[in-house]
Amino acid sequence: MLLSHQIKRKTRCFCPIREVIMSIMLRHILKRNSNSYIGRLASASASGRLFSWRRRRRTFCSEPQRESIQYDVVIVGAGPAGLSAAIRFKQLCRENDTDLSVCVVEKGAEVGAHIISGNVFEPRALDELIPQWRQEESPITVPVSSDKFLLLTKNHAFSLPCPFNNRGNYVISLSQLVRWMGVKAEELGVEIYPGFAASEILYDSNDTVVGIRTNDMGISKDGSKKENFQPGIELKGRVTLLAEGCRGSLSEKIMDKYNLREKGHAQHQTYALGIKEVWEIDERKHKPGAVIHTLGWPLDQKTYGGSFLYHMKDRQISIGFVVALNYQNPFLSPYEEFQKLKHHPAIKPLLEGGTVLQYGARTLNEGGFQSIPYPAFPGGAVIGCSAGFLNVPKIKGTHTAMKSGMLAAEASFGVLHKGSSMEKYWDALRSSWIWEELYRARNFRPAFEYGLIPGLAISALEHYIMKGRAALTLKHGKPDNEATNVAEFHCPIKYPKPDGVLSFDIPTSLHRSNTNHEHDQPAHLRLKDPKKPELVNLPVYAGPESRYCPARVYEYNPDETGQLKLQINAQNCLHCKACDIKDPKQNIQWTAPEGGGGPGYSIM
Amino acid sequence: MKIMVAIKRVVDYAVKIRVKSDKSGVETQNVKMSMNPFCEIALEEALRIKESGLASEVVAVTMGMKQSVDTLRTGLAMGADRAIHVETSGQLYPLSVAKLLRALVELEKPGLLILGKQAIDDDCNQTGQMVAGLLNWPQGTFASKVVLDKEKQVVTVDREVDGGLETLCLDLPAVITTDLRLNQPRYATLPNIMKAKSKVIKKFTPQDLNVEIKSDIEEVQVTEPPKRKAGVIVSSVDELIDKLKNEARVI
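As you go down the protein sequences, you meet chains A and B in turn. Heads up, the first sequence is in this note's numbering, so the first residue is 643 and it goes up one at a time. Heads up, the second sequence is in this note's numbering, so the first residue is 6 and it goes up one at a time.
Treat each hint with caution, since some may be false.
Pulled a few chain A residues facing chain B out of the computed Cβ check, cut under 8 Å [said to hold, decoys possible]:
1. Glu-709
2. Tyr-713
3. Glu-752
4. Phe-838
5. Gly-860
6. Gly-865
7. Lys-867
8. Ile-875
9. Asn-1123
10. Glu-1124
11. Asn-1127
12. Asn-1158
13. Gly-1242
14. Ile-1245
For lysine-lysine, the following BS3-like pairs were computed, each having C-alpha atoms within a straight-line distance of at most 27 Å [claimed, not checked]:
15. B:Lys-25 x A:Lys-990
16. B:Lys-71 x B:Lys-7
17. A:Lys-899 x A:Lys-955
18. B:Lys-234 x A:Lys-1139
19. A:Lys-927 x B:Lys-25
20. B:Lys-234 x A:Lys-982
21. A:Lys-867 x B:Lys-150
22. A:Lys-790 x A:Lys-1066
23. A:Lys-955 x B:Lys-25
24. A:Lys-1139 x B:Lys-150
25. B:Lys-21 x A:Lys-927
26. B:Lys-37 x A:Lys-955
27. B:Lys-204 x A:Lys-826
28. A:Lys-868 x B:Lys-55
29. B:Lys-28 x A:Lys-955
30. B:Lys-202 x B:Lys-219
31. A:Lys-955 x B:Lys-150
32. B:Lys-28 x A:Lys-929
33. B:Lys-37 x A:Lys-982
34. A:Lys-1170 x A:Lys-863
35. B:Lys-7 x A:Lys-1139
36. A:Lys-927 x B:Lys-28
37. B:Lys-55 x A:Lys-982
38. A:Lys-1170 x A:Lys-899
39. B:Lys-208 x A:Lys-826
40. B:Lys-71 x A:Lys-826
Everything labelled a hint here was simulated from the structure, so no lab data went into it. Ideal placement from N, C-alpha and C gives every residue a C-beta, glycine not left out.
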């Protein structure tokens, strides 16, 4: 229940009419009462010494009045990390007989709408968070029943020894799990507000983070206010946790501002783009719990990536393709490679006769141990994939994201209840199983810098013999955006036309993602230099954004003079952040659009 | 004067729907639901009339299962003063909804009943007209402009009809159904959503209102429309006529 004193109104802005009336009144009082007490008061106020509202005249009248709501903890993002933090925090409140308020804002239209993942779930963190989850009708019902690892060539599939140990794990839809977690969080008293995008961080005079501000809603494409304009709200928190997922827009700003990567002696983060479809297949071909991973075709030896195929329940399967974003060929299209994969003789028979239910895409972290930044900043912390705890060789990041959320909640509770500092979060991380697990997994992904076969060889060495005990830590190569070669060293790739049965064009797939945005709003994809696409991206790199974007947001179309010009179809955006990562000159900046827009995943 | 707005919880307009494998209906499990867009427009119009001082209270009502309450909360967050939920189970057809609305109107006695012109899940476009008939009230459907005159107790409605725009003057109390171009609904702000969470929603059952829910319609089967065949580019008018005559057999 929100108490009225918690909703504070901002100070009024300077109003000229009020000033004029007051000064006339004061002059009148002064004339008649110059020696009396009232006269002296009037004189004092006329000179500006008394009424403090005169000092407030510096605010600009055009800034909309923003309401400010105070919470103890504000969490940005209702994903596995954000909700785990919220749940753990409320559990600690109960254990300590206290009640502190937690608010979670989520840019998706509902909890789970922007959640997409493979997903083979390791319940390690959930066992710690909600030990009784098995008795609580959770959407975790399909245990892994088989595990295959294939090396694909154009026409064949070779079975490799399976490096994963998925015993005790489950095949799930992470979107469903997050919805369930949202219900659990609300039962504990967490306030979750979907449909609101956090667009800015709020700082106090000491440069400490004091909360976030949500987007203004109802601004039209040209920047003017529409009739349903609503200014954003300030959500102030004594602790602010950023759980925006991979390449979170606010998290990146915070990490730059406080130099969190340097502080944690971390390398840059490296990423991959995952594109996924959920299919409903023939009953006879469906084996719940079957897990298949592939490497090799259609990617070449220099490009890291592979596919996954997981059988869920109700005849549904998740099939997806992950391409590391440090690929060199600017003509590569991860989406088209995925469409090619589905025609492989080892995969095609499974999909024939089936229908696609949903489509989506999202980038994921591959930096692992070497890229973990110092996660705490004055006023809060970065948790989950925004910091980057994905275990690449295991291909799992949910359990570590959840655990990082729980540890951050414990540190935040210490800050609010016992007056300790957020630094405890860093210490807790380093003594937890996240650290140990990521340390052991640290050399697998960097090994592939040397190519597919050396990578496999080094990985096998790591997995079977060294088990993470090697003295050295391999380093990542160039940042993903710098790894793109100039177009003249490569030939355009001719991708086959989609057949409409197994492979599809982007607009058809996009329709299945239920993505939409209010069309009359400023494009949320900002170009730092609007001329760069035509001056650099197109001539030097052949416009790679028109190929890696899985939503066809970026298109080069000829204008009236025949010159190719960049067109940004922001309405299509899947919020995957690939453009923010891969743009060669880092010219494209992803910002949060009006809350409620974006994809509508329900079974991803 | 009170205004009653009827709203419906439907599958969100951006969701790609699919038919259930047993063809009994559209898949609504795990699918995003929200307020019918035309109902949002109806509620917005009611709120604007209230804000201009011509009405004292806006009451949002909905019929449906327990989860319909979420849509009422959105309505409260947009600015409705009170909300009423008539809890029903199973499929509800327009005539049953109209009968329930009649019972609620007789209870609440509003001066104006505003609804969306149709729901985007069934596209029936019947409830507003039926309830006007049951109440014997004048109706202004497909409204693209609504002007209330409190003194004369009339409402002037511009209707979007096939031939253009028709202007009607209705005596109050009246039923209005809203069309797309009437207004742009407001966003529910975060503080209002927070306050709406704790507002009380009055609950009724059809038995409380003395309405018997029975239906003369039974949905037998739902199938997807046939897949569109690829077009063919013809090279001359003669070939077109030949194809129309011999292949499509339409001339």
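Cross-check of the supplied hints:
1. Using the Cβ-Cβ criterion of 8 Å, the hint placing A:Glu-709 at the interface with chain B is satisfied: the shortest such distance is roughly 6 Å.
2. For A:Tyr-713, the interface hint is violated, the least distance from its beta-carbon to any beta-carbon of chain B being 11 Å, above 8 Å.
3. A hinted interface residue such as A:Glu-752 counts as satisfied when its beta carbon comes closer than 8 Å to some beta carbon of chain B; here the least separation is about 6 Å, so the hint holds.
4. The interface hint given for A:Phe-838 is met, as the beta carbon of that residue sits about 6 Å from the closest beta carbon of chain B, less than 8 Å.
5. The interface hint given for A:Gly-860 holds, since its Cβ lies 6 Å from the closest Cβ of chain B, which is under the 8 Å cut-off.
6. For A:Gly-865, the suggested interface contact is broken, since its CB lies about 17 Å from the closest CB of chain B, more than 8 Å.
7. Here the hint on A:Lys-867 is broken, as its CB sits about 12 Å from the closest CB of chain B, past 8 Å.
8. Restraint check, A:Ile-875 versus chain B: the minimum CB separation of about 5 Å is within 8 Å; hint holds.
9. With a cut of 8 Å, the hint placing A:Asn-1123 at the interface with chain B is violated, because the nearest CB-to-CB distance is about 32 Å.
10. Hint status for A:Glu-1124: violated, given a least beta-carbon distance of 37 Å to chain B, over 8 Å.
11. The closest approach between the C-beta of A:Asn-1127 and any C-beta of chain B is roughly 38 Å, which is over the 8 Å cut-off, so the hint fails.
12. Hint status for A:Asn-1158: holds, given a least beta-carbon distance of 4 Å to chain B, under 8 Å.
13. For A:Gly-1242, the interface hint holds, the least distance from its beta-carbon to any beta-carbon of chain B being 5 Å, beneath 8 Å.
14. Evaluation of the A:Ile-1245 hint against chain B yields a held restraint, the C-beta minimum of about 6 Å falling below 8 Å.
15. The straight-line distance between the Cα atoms of B:Lys-25 and A:Lys-990 is roughly 24 Å, inside the 27 Å bound, and the hint therefore holds.
16. With a C-alpha separation of about 26 Å, the suggested pairing of B:Lys-71 with B:Lys-7 holds against the 27 Å cut-off.
17. The hinted pair formed by A:Lys-899 and A:Lys-955 fails the criterion: a straight-line CA distance of about 45 Å is larger than 27 Å.
18. Taken as a hint, the B:Lys-234 and A:Lys-1139 pair is honoured in the structure, with Cα atoms around 18 Å apart against an allowance of 27 Å.
19. Between the alpha carbons of A:Lys-927 and B:Lys-25 the distance comes to roughly 20 Å, so the proposed pair stays at or under 27 Å and holds.
20. Between B:Lys-234 and A:Lys-982, the direct Cα distance comes to roughly 24 Å. Compliance with the 27 Å bound is thereby established for this hinted pair.
21. As the CA atoms of A:Lys-867 and B:Lys-150 are separated by approximately 22 Å, the hinted pair is consistent with the 27 Å bound.
22. Distance restraint check for A:Lys-790 and A:Lys-1066: the Cα-Cα separation of roughly 41 Å exceeds the 27 Å cut-off, and the hinted pair is therefore not satisfied.
23. Of the supplied pair hints, the one linking A:Lys-955 and B:Lys-25 holds, its CA atoms being roughly 16 Å apart against a limit of 27 Å.
24. Restraint check for A:Lys-1139 and B:Lys-150: not satisfied, since their Cα atoms lie roughly 49 Å apart, outside the 27 Å limit.
25. At roughly 25 Å between alpha-carbon atoms, B:Lys-21 and A:Lys-927 fall within 27 Å of each other, so this suggested pair holds.
26. For the hint linking B:Lys-37 to A:Lys-955, the alpha-carbon distance of about 20 Å falls within 27 Å, and the restraint holds.
27. Distance hint between B:Lys-204 and A:Lys-826 is fulfilled; the C-alpha atoms sit about 22 Å from each other, no more than 27 Å.
28. In summary, the hint linking A:Lys-868 to B:Lys-55 is supported, as the alpha carbons are separated by about 21 Å, within the 27 Å threshold.
29. With a CA separation close to 20 Å, the supplied pair B:Lys-28 and A:Lys-955 stays within the 27 Å bound.
30. With a CA separation close to 33 Å, the supplied pair B:Lys-202 and B:Lys-219 exceeds the 27 Å bound.
31. Restraint check for A:Lys-955 and B:Lys-150: not satisfied, since their Cα atoms lie roughly 50 Å apart, outside the 27 Å limit.
32. In summary, the hint linking B:Lys-28 to A:Lys-929 is supported, as the alpha carbons are separated by about 24 Å, within the 27 Å threshold.
33. Distance restraint check for B:Lys-37 and A:Lys-982: the Cα-Cα separation of roughly 31 Å exceeds the 27 Å cut-off, and the hinted pair is therefore not satisfied.
34. Simply put, A:Lys-1170 and A:Lys-863 have alpha-carbon atoms about 18 Å apart, close enough for the 27 Å limit, and the pair holds.
35. A C-alpha spacing of about 60 Å is found between B:Lys-7 and A:Lys-1139, which places the hinted pair above 27 Å, so the restraint is violated.
36. Our distance criterion of 27 Å between C-alpha atoms is met by A:Lys-927 and B:Lys-28, whose separation comes to about 22 Å.
37. Only pairs whose Cα atoms come within 27 Å are accepted, and B:Lys-55 paired with A:Lys-982 is rejected, the gap being roughly 58 Å.
38. As the CA atoms of A:Lys-1170 and A:Lys-899 are separated by approximately 18 Å, the hinted pair is consistent with the 27 Å bound.
39. Simply put, B:Lys-208 and A:Lys-826 have alpha-carbon atoms about 26 Å apart, close enough for the 27 Å limit, and the pair holds.
40. As the CA atoms of B:Lys-71 and A:Lys-826 are separated by approximately 19 Å, the hinted pair is consistent with the 27 Å bound.
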